[in-house]
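A.B. asks: The lines below spell out each chain.
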Amino acid sequence: MNIHEYQAREILRAHGIPVPPGEVATTPERAAEIAAALGGAVVVKAQVHAGGRGKAGGVKLARDADEAREKAAAILGMEIKGFTVGKVLVAPAEDIASEAYVGIVMDRANRCDTFMVSSEGGVDIEEVAASMPDAIRKVRVDPRYGLLNHQAAALGYHLYDDPGQARQAADTMGRLYGAYRASGATLAEINPLIVNPAGEVKAIDAKMTIDDNALFRLPDIAALRDLEAENPAEIRAREAGLSYIRLDGRVGCCVNGAGLAMATMDLVKYYGGEPANFLDIGGSSNPDKVVTALELIAEDENVTSILFNIFGGITRCDDVANGIVEATRRIDIRLPITIRLTGTNEEEALEILEANGFEAMIDMDRAVQTAVERAAS
Amino acid sequence: MGVFIGPDTRLVVQGITGRDGSFHARQMMEYGTRVVAGVTPGKGGRTFAGEVPVFDTVEDAVAETGADTSVIYVPARFASDAIFEAADAGVRLIVCITEGVPVADMLRALPYVEEKGARLIGPNCPGLIVPDVCKVGILPGQIVRAGPVGIVSRSGTLTYEVIFQLSRAEIGQSTCVGIGGDPLIGTDFVDCLGAFEADGDTEAVVMIGEIGGTDEQLAAEFVANRMSKPVVGFIAGQTAPPGRRMGHAGAIISGSEGTAEEKMRSFREHGIGVAERPADIVDLLRERL
Numbered sequence: 001m002n003i004h005e006y007q008a009r010e011i012l013r014a015h016g017i018p019v020p021p022g023e024v025a026t027t028p029e030r031a032a033e034i035a036a037a038l039g040g041a042v043v044v045k046a047q048v049h050a051g052g053r054g055k056a057g058g059v060k061l062a063r064d065a066d067e068a069r070e071k072a073a074a075i076l077g078m079e080i081k082g083f084t085v086g087k088v089l090v091a092p093a094e095d096i097a098s099e100a101y102v103g104i105v106m107d108r109a110n111r112c113d114t115f116m117v118s119s120e121g122g123v124d125i126e127e128v129a130a131s132m133p134d135a136i137r138k139v140r141v142d143p144r145y146g147l148l149n150h151q152a153a154a155l156g157y158h159l160y161d162d163p164g165q166a167r168q169a170a171d172t173m174g175r176l177y178g179a180y181r182a183s184g185a186t187l188a189e190i191n192p193l194i195v196n197p198a199g200e201v202k203a204i205d206a207k208m209t210i211d212d213n214a215l216f217r218l219p220d221i222a223a224l225r226d227l228e229a230e231n232p233a234e235i236r237a238r239e240a241g242l243s244y245i246r247l248d249g250r251v252g253c254c255v256n257g258a259g260l261a262m263a264t265m266d267l268v269k270y271y272g273g274e275p276a277n278f279l280d281i282g283g284s285s286n287p288d289k290v291v292t293a294l295e296l297i298a299e300d301e302n303v304t305s306i307l308f309n310i311f312g313g314i315t316r317c318d319d320v321a322n323g324i325v326e327a328t329r330r331i332d333i334r335l336p337i338t339i340r341l342t343g344t345n346e347e348e349a350l351e352i353l354e355a356n357g358f359e360a361m362i363d364m365d366r367a368v369q370t371a372v373e374r375a376a377s
Numbered sequence: 378m379g380v381f382i383g384p385d386t387r388l389v390v391q392g393i394t395g396r397d398g399s400f401h402a403r404q405m406m407e408y409g410t411r412v413v414a415g416v417t418p419g420k421g422g423r424t425f426a427g428e429v430p431v432f433d434t435v436e437d438a439v440a441e442t443g444a445d446t447s448v449i450y451v452p453a454r455f456a457s458d459a460i461f462e463a464a465d466a467g468v469r470l471i472v473c474i475t476e477g478v479p480v481a482d483m484l485r486a487l488p489y490v491e492e493k494g495a496r497l498i499g500p501n502c503p504g505l506i507v508p509d510v511c512k513v514g515i516l517p518g519q520i521v522r523a524g525p526v527g528i529v530s531r532s533g534t535l536t537y538e539v540i541f542q543l544s545r546a547e548i549g550q551s552t553c554v555g556i557g558g559d560p561l562i563g564t565d566f567v568d569c570l571g572a573f574e575a576d577g578d579t580e581a582v583v584m585i586g587e588i589g590g591t592d593e594q595l596a597a598e599f600v601a602n603r604m605s606k607p608v609v610g611f612i613a614g615q616t617a618p619p620g621r622r623m624g625h626a627g628a629i630i631s632g633s634e635g636t637a638e639e640k641m642r643s644f645r646e647h648g649i650g651v652a653e654r655p656a657d658i659v660d661l662l663r664e665r666l
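Same order as they appear, the protein sequences are chains A and B. Position one of the first sequence corresponds to residue 1 (this note's numbering), numbered consecutively onward. Position one of the second sequence corresponds to residue 378 (this note's numbering), numbered consecutively onward.
Since the hints were derived computationally from the structure, they do not count as laboratory data. Each hint should be verified, as a subset may be incorrect.
Unchecked claim - Okay, the calculated beta carbon distance ranges per label pair:
1. Arg663(B) <-> Ala182(A): 52 to 58 Å
2. Glu239(A) <-> Gly632(B): 26 to 32 Å
3. Asp458(B) <-> Ala37(A): 47 to 53 Å
4. Asp465(B) <-> Gly57(A): 19 to 25 Å
What the hints assert, rightly or not - In the DMTMM-like style, the derived pairs of lysine to aspartate or glutamate whose C-alpha atoms are separated by at most 25 Å in a straight line are:
5. Lys493(B) <-> Asp142(A)
6. Lys269(A) <-> Glu639(B)
7. Lys269(A) <-> Glu638(B)
The beta carbon of each residue, even a glycine, is placed where N, CA and C say it ideally should be.
Using the sequences and the accompanying hints, generate a full structural model.
C.D. replies: Structure representation (structure tokens):
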């Protein structure tokens, strides 16, 4: 789960990291009010779950409240990488003497959390890794011990020669790690970590990504989810226990199992079609799930053909067959439905489907080809 | 015979009295797996299915029955506890079926399992099966047939699909191992490839990968440098959009890393036969067997 910059900033602030004040506005007028209250120059920043906001024109300086209003008006409603800006963060514009990058990421290959700091801040860390790898210092954290003080210090001294600043940075590293752990995060970045002319180290941007699997035990973090940033169909799917991602093709897919669902999408493309979505109904054969799945697919205006690809292991094919029959009774679907059902109770499933006017196939390739042909006609 | 499990496997089922645990314990017993014990805290003293003693702790189960392998059907919030417990009790192979385990829990559990000298497979995996001999997990027994091909996969039902197609083409399997769809897992592709290379019953290997991470690329290097047996590979997610989690917690392209093209290219560069679609696996195997 992604959270917005303003939410990540609050988490870091709550862990004692020096984060400048700032408030969120959904209207240009409110942005002006916040700017006036802060006094002085401010920065108006789009709050969307996308990188490259600056390049897209979503981050603007404003000298005063009137300009803040103007900038907010321009940024609100803007589209950045497919996301519409509904909120802006208004924060004081800082004087920056230097910028650094600080990040923690769950490193799969090394099976540990890894701290990365770079004296080149404010730019894409992957670019730095490619062009100036020596600017980056990495430290692996042992989960049994957490970030040790000498590790935090080493990171601080990599960034700053001045011992005062290095110590401030080390303190921030320790607190960032605490925030990362407490929030169930798999990524936490401060980019940039700045030093201002007075020699103070501050975090002026923050990004965090949360492990979905940790949300059940972190209700406060789970509550940070921005439902407006998500496609309503995907929200409905999640609430129904389905995994659904809308794409833009014409063949709607309903599959059990994430790997098989991905392979089905790939196969649709292989046979010349375009998948309309990824949809994994998971291991349960509950008919209600099948109904919701069909509803989601049928509501997608791009869909001209529906494909079921079910391999029943624990999932029972006859349950899915009943689900399809039930769903098509409840919803009026005019689109062609191609069904592939193999595995547990496949015979019973085929009988149920035939009795209700459906046919089913056993071969996955044939089913996909048929669904693709039907999408085109 | 068998990689990681075999005819001598003595299995304890953690979560045996739960809905999934009880269903799959019966399936495994029907398949011929020697289920010697079950564990559900608070239900010790009972007997499951008329023959399997249930214990409160894995330690008791191991002491009484000599169980050496454990399979975990326990909800996500307790799964890592179950892994810690099994490792501490001296279980040598722990297979965790559970999906939804927080990655922070796995970060802590993996070093512990290693220190205790155990092997973990999973979490979020269907387990493993040696056709006609033994199954630990939820892989459907009716689709496998005994033969010379080892299968290692991150997926669940996609693995069944591939097994189904191979069996239909009369190409049997030596052992099928589901390593799971999460980003942090106990046993990776390289571990399985090494085991298949050393296994007398395996003549060729099929690797089924997904987008996300670098495990397949590391495996490709291993294949080129350390394997004599032919390997065929398939990657699911060629059409997956970047940055989106495709069901499995581990199936996500981050930045430029972990794309299907990158993995398939790595396979080709290291002499692995690349299947563009699952059906190609049969043809690629026939050329190599």
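A.B. asks: Find the hints from earlier in the document that the structure breaks and name them by number, from lowest to highest.
C.D. replies: 4
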